[in-house]
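Student: Residue numbers (the working numbering), protein chains in the order written: chain P, 756 to 1250; chain D, 756 to 1250.
Identical copies look the same in the list; a pair holds intra-copy or inter-copy alike.
Pairs of lysine-lysine, DSSO-like flavour, derived with a Cα cap of 30 Å: (1) LYS938 x LYS1083; (2) LYS1135 x LYS833; (3) LYS1152 x LYS1135; (4) LYS787 x LYS763.
No lab work stands behind these hints: they were computed from the structure.
Protein chains: 2
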Amino acid sequence: MASGNSNKCKVATEAHDKEDALLSDVFNLTMKMAVSASRNRDNPVVRFKTPEVLERELNFGLSTDGVDNSELLHICEKVFENSVLVGHPRFFNQQFAGLDSYGLAANIVLDALNVNGHTFEVAPVLTMTELAVLKHMQKFVGYEDGEGVFCPGGTYSNMLAFNVARIKRFPESKAKGLYGLPKIVTFCSQQAHYSAQKNAALLGYGEDSCVAVKCDSHGKMIPEELERKIVETKNAGNVPLLVTATAGTTVLGAFDPFNKIADVCQKHGVWMHVDGAWGGSALVSKKHRHLCAGVERSDSFAWNPHKLLCAPVTCSALFVKQKGLLNKSHSLHVPYLFQVGKPYDESYDIGRKLVQCGRRSDGFKLWFMWKAKGDSGFEKVIDRAMDNAQHLIQALKKRPNFRVLDDEPEFSNVTFWYIPPSLRGRDENEEFYKDLAKIVPIIKHRMQKKGTVLVGFSPVADRPTFFRMTCVNEKVSYEDMDFVLDEIERCGADL
Amino acid sequence: MASGNSNKCKVATEAHDKEDALLSDVFNLTMKMAVSASRNRDNPVVRFKTPEVLERELNFGLSTDGVDNSELLHICEKVFENSVLVGHPRFFNQQFAGLDSYGLAANIVLDALNVNGHTFEVAPVLTMTELAVLKHMQKFVGYEDGEGVFCPGGTYSNMLAFNVARIKRFPESKAKGLYGLPKIVTFCSQQAHYSAQKNAALLGYGEDSCVAVKCDSHGKMIPEELERKIVETKNAGNVPLLVTATAGTTVLGAFDPFNKIADVCQKHGVWMHVDGAWGGSALVSKKHRHLCAGVERSDSFAWNPHKLLCAPVTCSALFVKQKGLLNKSHSLHVPYLFQVGKPYDESYDIGRKLVQCGRRSDGFKLWFMWKAKGDSGFEKVIDRAMDNAQHLIQALKKRPNFRVLDDEPEFSNVTFWYIPPSLRGRDENEEFYKDLAKIVPIIKHRMQKKGTVLVGFSPVADRPTFFRMTCVNEKVSYEDMDFVLDEIERCGADL
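Just chain P, with the same shape it has in the complex (with noise of 0.2 Å):
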């Protein structure tokens, strides 16, 4: 019996040194292929397979029976190979970007804690660094006595918001539905996130409920047309209940003028939301806060630290300015989870506060980040961001053969055509502009294939397709800049 313990033991033992060594081998691999490999420009920030390609070349098939460890190994290597180096200066594509160290740390040490972080009973130091930053990042949204709670992705705050405004607003809609309400209708600017569109629909206001509001030239939300949807939507019986304010839109950058948006919302007994998945991150920086100026008025504000903080994704978080709101809204007393008699204070429990049971304690990796860097750090990183930005705008002015859409944008994105030769020296008319629009995803899907740079295009409003950058990496020098727009007058130079 001794010696079959032992031997269970020994057995035990060379499985466990087994798995220790491919955890090692991929955490080097991962060093080489993805930590360094994105510090070195001379490396492709993607090699670019279609999906057919990528399915004849890597045997993404299971089957009955695993592979060894080595081939496990070979896997990785190919995956690394075949992925988009995020963290490389020239990935402009999105607005996440960049690959933290500390963000990297900390997400290793989440995924070893494995927990959901729902309860404190099983998640106590992840509640606890979730909470503290939470806190302190309210100080900089400017709520005195609210809450937050982080989320899975931006679409998810926004949605929370939607919720618990409602459920402000016709408390007993939670257990009897929207059946026998007025109509509730919800604002965006032209140029929101299209996640209000898409939560209006889920939620069940429907899609056509959320109501565009014009903006100016700037993509800012333009508040007396504002005023004069919501007093409309009343005038039609129906409930303006919800304002979205955006800092920092998807495509321009552009912060809506939430001083003036709170005026309307106070007047008209409006919910006053404001994503800021992508511009929230500015209140941390001293120079460049002034943009968010009025959020503080707001009744609940989202912020994605996953973007311009470069936090690892996803990194999402919801505040609501009036505590308790969020457990009235999503609460159920569930008796297996969150049970009464708790060797600690109940309200711990973060799983209360959302409409999710299972979820990885995001905010972990931000506090750690935090810890890190401190508030100067962050402010650096945004700073340098703007900076490059501002560096971008200005070598496009400088340089003949490109166009800008806005030649003093507020923040981070730079949007911009190239003229080809082909279309040199004509009128630049609206026509002039279409034919701009069509080159730039074909220079855009030139580059991508060479694995020299990525970068988003998209059209907005009355304007054609541009080039959209935005900086977030703050790796990314001025010579990485100067470098794109090469790239893109290299691969324009036939058309």
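On the provided structure of chain P, position chain D as indicated by the hints.
Tutor: Relative to chain P, chain D alone:
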């Protein structure tokens, strides 16, 4: 100028070296304090401290300046020291447990890719792995031509099913909302997960619209009761939209009679959703998949591999039998993200199927584990958990001072009471069980404070609070199960 550049390079290299050293140190600490620590039964499962004590012992506060790397490493140590060891073989608190090395390795890769998994463009390989593992899982579910998507948790997966069912039945309600529609009613068993009500509240149907159908003594929904409720609903002029049948209820681990429920749903034209968050994994075991017989007749199926398959938290998938419905229900044309004319088939953009925009590619972790283990490896995990549960139930029956709720549980939940000395020899009537119920939290919290064992407890229907052990972690031995019972006896000896 050249020397300026080389100086800049030197500074960058030094900074990188420091970051890499921190990452290495954190990884090594993780291996020691989470991976190895959770294998050693002599370590406490938890060092229980209240929020107030943690607050005193750790400095959670954030400030203007950051701290250095040695302090950060010290923080990580304290985080591990004060966290619950979910991978410890005596953690039975929830339906997630264990720390799978393959899952952890994949998680580290995912962290380092740090990408938003909404488009193939930025997440090419991750997309392919997610689609591959969904396709593989779907074969077990038994849908021939369905589709699936990974969601942040089971509540979210169930929520999408609620929405897809509504859009399928009332397509125009995506744009128009619930206004003017007849009242939507959903059904689930009395013992279904609380997400059914939470989602009904969130989506505007109202918590009350969720009808709890009676269960038999094993916790299974009674199909005749379901039909009665559906007929009542119809007679009242309301719409029976969806039935949530459960594969493995949270507390008792019961499987609803899927074939009979499918008959009822078919007859009355009601969407059949299966919440297999907990029990769906039984599908992978040849020995136990009979528990899920009939789920292939459902319209949608939620399955959380982060529970019984021990995939890292969170990992939850939703399957829908009718292809295209996810896109139809959730998509919105967004030119800056889902551009037309991409150099690949745009149906590979996972974000088109979801309400979410930002998302972590959770499916990759499961895909990698499946590569490592194969079906057969996962089968062993499930069979082992079931075998442990059987051992526990037999051990309980042999001990005179324990009473079990269900002496033939179908799944890996085992539920029981302990009779402390002061309550022995009494008539085992209702009062007696009410007194046993009071003992349960006392003993649980004593074990929690000792750090020896973490178990859950709950009441259900007319049975007062009892211990609930869920067997998940494959590293749990028979001896661990016996240890828990011994420890309960030790902790209850003076009661």
